[in-house]
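Enquirer: Required output: the full structure, derived from the provided sequences and hints.
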Amino acid sequence: MIKLQDLSYWYPRMQNPSLDQVNLEIEDGEFVLILGASGSGKSTLLYSLNGILQHEIGGRIKGHIEVNGKNPTESQVYEMATTISLVMQDPEAQLTQMTVWDEVVFGPENLLRPREEIIKDAEEALKFVGLYDKKDGIVTELSGGQKQRLAIAAALAMNSEIIAMDEPTAHLDPRGTKEVFQVIRKLRELKKTLILVEHKVDDIIELLEDDDRIIVINEGKVVLNGRPRDILASHGKDLMEKYGLYLPQIVEISLRLGTTPVPLRMKEVEYDKFNLQPQNRERKRKSYETVIEVEGLEFSYENGTKILRNINLTIPRGITTAIVGHNGSGKSTLLQNMIGLLKPTKGRIMLNGVDIHSINRKDVFRDIGYVFQYPEHQFVTKTVKDEIEYGLKIRNIDKTIIEEKSREMLQMFGLERMADRHPLTLSMGEKRRLSFATMLILEPKVLIMDEPVVGQDKRSTEHLIHLIQKLKERGITVIIATHDMNFLAMCADNVIVIDNGQIVFQGDVVDLFNSREILEASGLDDPPVHKIAAKLTCPEIVTTDQFCSELVKEVIR
Amino acid sequence: MKLRLQYRPGNSLFHKMDPSVKFIWMIIIVFLLFVMTDPYSVLALLMLQVLMGKFGGKIGFVEMAKALAIIAPTAFTVSLLNVLVTGDAFYGAAMGLRMLAVVVPGVIFSKTTDPRRLTFSLVQVLKVPYMFGFMINTAYRFVPIFEDELKSITNAHIVRGVDMELKGIRGRIKKLQITVEPLLIGVIRKSQLTSMAVQNRAFGAYETRTYIYTTKATKWDKIYIAAWIIGFFVYAFTLGTPSQLLSLFMHWSR
Chain A
334 MIKLQDLSYW YPRMQNPSLD QVNLEIEDGE FVLILGASGS GKSTLLYSLN
384 GILQHEIGGR IKGHIEVNGK NPTESQVYEM ATTISLVMQD PEAQLTQMTV
434 WDEVVFGPEN LLRPREEIIK DAEEALKFVG LYDKKDGIVT ELSGGQKQRL
484 AIAAALAMNS EIIAMDEPTA HLDPRGTKEV FQVIRKLREL KKTLILVEHK
534 VDDIIELLED DDRIIVINEG KVVLNGRPRD ILASHGKDLM EKYGLYLPQI
584 VEISLRLGTT PVPLRMKEVE YDKFNLQPQN RERKRKSYET VIEVEGLEFS
634 YENGTKILRN INLTIPRGIT TAIVGHNGSG KSTLLQNMIG LLKPTKGRIM
684 LNGVDIHSIN RKDVFRDIGY VFQYPEHQFV TKTVKDEIEY GLKIRNIDKT
734 IIEEKSREML QMFGLERMAD RHPLTLSMGE KRRLSFATML ILEPKVLIMD
784 EPVVGQDKRS TEHLIHLIQK LKERGITVII ATHDMNFLAM CADNVIVIDN
834 GQIVFQGDVV DLFNSREILE ASGLDDPPVH KIAAKLTCPE IVTTDQFCSE
884 LVKEVIR
Chain B
2 MKLRLQYRPG NSLFHKMDPS VKFIWMIIIV FLLFVMTDPY SVLALLMLQV
52 LMGKFGGKIG FVEMAKALAI IAPTAFTVSL LNVLVTGDAF YGAAMGLRML
102 AVVVPGVIFS KTTDPRRLTF SLVQVLKVPY MFGFMINTAY RFVPIFEDEL
152 KSITNAHIVR GVDMELKGIR GRIKKLQITV EPLLIGVIRK SQLTSMAVQN
202 RAFGAYETRT YIYTTKATKW DKIYIAAWII GFFVYAFTLG TPSQLLSLFM
252 HWSR
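Read top to bottom, the protein sequences are chains A and B.
Position one of the first sequence corresponds to residue 334 (our numbering), numbered consecutively onward.
Position one of the second sequence corresponds to residue 2 (our numbering), numbered consecutively onward.
The set of hints was computed from the structure by calculation and includes no laboratory data.
Even glycine gets a Cβ: it sits at the ideal position worked out from N, Cα and C.
Just so you know, nobody snuck in bad clues.
On the chain A side, residues computed to face chain B include the following (Cβ under 10 Å):
id, residue
1, N383
2, I385
3, A414
4, A426
Computed footprint of chain B on chain A; a stretch qualifies when at least three of its residues, placed anywhere within it, have a C-beta under 8 Å from a C-beta of chain B:
id, stretch
5, 444-451
6, 694-701
7, 720-727
Expert: This is how it looks when you write it as C-alpha cells:
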C-alpha cells in the first residue's frame, strides 16, 4: 500500500512547492491513472515514491511517504527498487545497457539473485512484452515502442510489487503507443499495483475499468480523486476548462452536446443519438505559390544506410503543411535536408526557386526558422531571456529593439516569471514554448517545427494552434513534422505522409483519414472523433469542434 | 573516425580471444617498443602485427591502412622533428614507426573486441571493480549519443545564424567555446538520468553482483600471452635496450 500524508516538496532553489500537501492512499493491486497539465507535479509525485527525488535530485521534502512499508526518504533508491520500479518518459534515458538481454538481467544481477532465477525471470519478462525474439538485439536499434516495452520488461524482471510509469508513450508514434498500451493491458492481469501518468487519454480510457482510479493533480495539489466515470463524466468540464486537460474525444463530444449517459469508451457510443444525413461538402482546393520544392531527393548516411528515396514534393506558401509518419520514417531527415543542414545524396531543394545549397547559410536562416524535436538540443545560453535574445544579438540588432522584442516574446509565451532561469530547468512544456520563442523573435518567413506537441498538454497545444493560425494570417509558411493525429487534424491544410523514406500520400487531412490502407501501412491511426463521424456517414469531420458544431445543427434541424 | 575504429562482429582468432588478454598484449607491445631503438626491429614488429591483424583478425591491408591514416600525419611530424633535433634519420624513422606500431594492436583490439565482452572480462578476469566496468560500458554506449548531440548543438547555432564553418585555429577555438558548454550540460544531465535509471535497477546495492554472462581466459589465450612475454624478454636482453625501460621504471618509482 502507498500512503502519502501532507507531502510537500520543493525543488532545489525553488520558492514554490511542486507538491503541495498531498494526501493519498493507493491500495495493493490498484490501477491508478494520474492526470495533470505540464508542470503540475505528476512526475515529481512518481519520483518521490522510489526516493529519486530525495536522494538524487535533492530539494526540500515535508510530510510522510510509505510505500509497502518502506519510507523512500530513509531507504536508498536501490533498496526501494525491489518494491517499486519506475518506467521513465524518455526511452533513451532509462536504458543503460547495450543489448536487450543485458538490459533485462541488469537489475536482477545487481540484486545478487541466483543465475538460473534471473534467466527464467528475464525470459518470462521478454516474452511478456513480446521482445523475446529480439533478446540479442542492440538497444539503440529498437524502435521507440520496443524501447519502452523493454523498459517495462526490465521493471518486470525486478519482481517489484509496484510499477510506476511516467508518460511512457510521450515520445511514441501511434504504432508504438499501441504496442505499449497492449503491454499495459497485459500487466493488469499480473495484479501488480500500476500507477500511470499519461496524456493520451483516448488510448488509455480503453484500458481503464470502472473500479480503477483517476487522480488529477493541479499546481502540486490533488484536486480530484475518484472512479473514471465520476471524474470524466461529472468533472469533465473542469478538467478541460479549469485544469487544461484533454478528455477522451467521445467524452468531450458528449459533454459538449449534453448527451447522456456520457460514454467513456468507443464501444459505449450510441450512434442512433445522432440523427445525421450524409453530407457532400465540397472542399475548396486553392492553388498556392511554391516556397520550397524538392526534386528527386535521396539521402543516405556515410555507412550507406538509405533514409530517403526519390522524394518529390512542393511546399505551398502561406499555409500549414504537415509531414506525417511514424518514428524513424525519415521526417526529421527530410526536414534537415529541406533547409540545407544535411546534403542530399541525390536531387535538389529549391527555396524560392533557387537551389538551397547555392545560397549562403546565413541568408537561408534569415528566411527559415527551425524548432528542433528535442528543445534541450536547441538551448545554448544560461537564461531564458538570453536564449530568446541570442539570435538577434548574433545579427547585431539594436539593443532597445532586442529588449522590446524579447519582452513581447516572454509575454506571448508566458515565460516572464522564468526569464532568469536556466532553460534546462524548465518543464517540458515550457522548454517547447521557449524553443518557439527563440525562433519567432527572428520573424522567419517559413517556420519548421519538428514534433512540436510531444509532451504538451491541452493548453499548450491549443496555444500553439492559435499561434500557427496567427502566423498563417501573416502569410508565414508553417511546416510541421508530427505523428499526433489530433494536432494534425486541428491545424494542417496540406499533409504529406512519409513511410520508409518514401512519400506515400499527399493531400488533405480528410483524404488521409479516409485512406485506411495508407494509415495502417504507415503505422498511423485516425482520431476517435473521425471514426465516429465516419460511422455516421460524415467522414469529412476530423475534429471535435467540427463534430459538435456540425452535429448540433443536424440535431436542431 | 567512428567507422574506422568501430567494433566489427566476427569469428576470427582475435574475436575469440579474451579481451583482457588482448589488453595485456597491447601493454606488452608498448613495453616492447620501449626497448626497440632500431627502426628495422620496429618495422618488423609493425609488419608482424599487420599480418596478425590480417590473418588473425580478418582486418584487410586497406582497412588497416585507412585506420592508420588517422595517426599517420602525427607519426610523420614526430619523425621529422626527431630528425631535425637529433640529426639522426634512423632514430627519427624509429620514432615515427613506433607510433604506428603502437596503434596497430589498438586497431586490432577495437575492431575485434565486443565492448560488452570487454567489460565482463575486465571485471571477471582482471578483477577490476564492477563500477569501473560499468563506467567503460556506459562510455562506449554514450560516445555516439554525444556525437549526435554535438551535431544538434551545431545545427542549433546554424539555424540562429551563427557561422559554424569557421576555419583555422581561431575559428576552431570559437566553435569550441560555443559548443562545449551546452555539450557539457548535456553530458551532466545524461549522467544524472543514467544514475537515476541504474539506481532504479538497484545498481550498487551490494559490493558484488551476479553475472549471467561469464568469461575467462582459455588455455590458448594464456599460451598466447606467455609467448609474447617470453618474446619480450628474449628481445629485450638480446637485441633490445632494456636500460630504456629500466630508466622509465626508475623515473616512475621516484
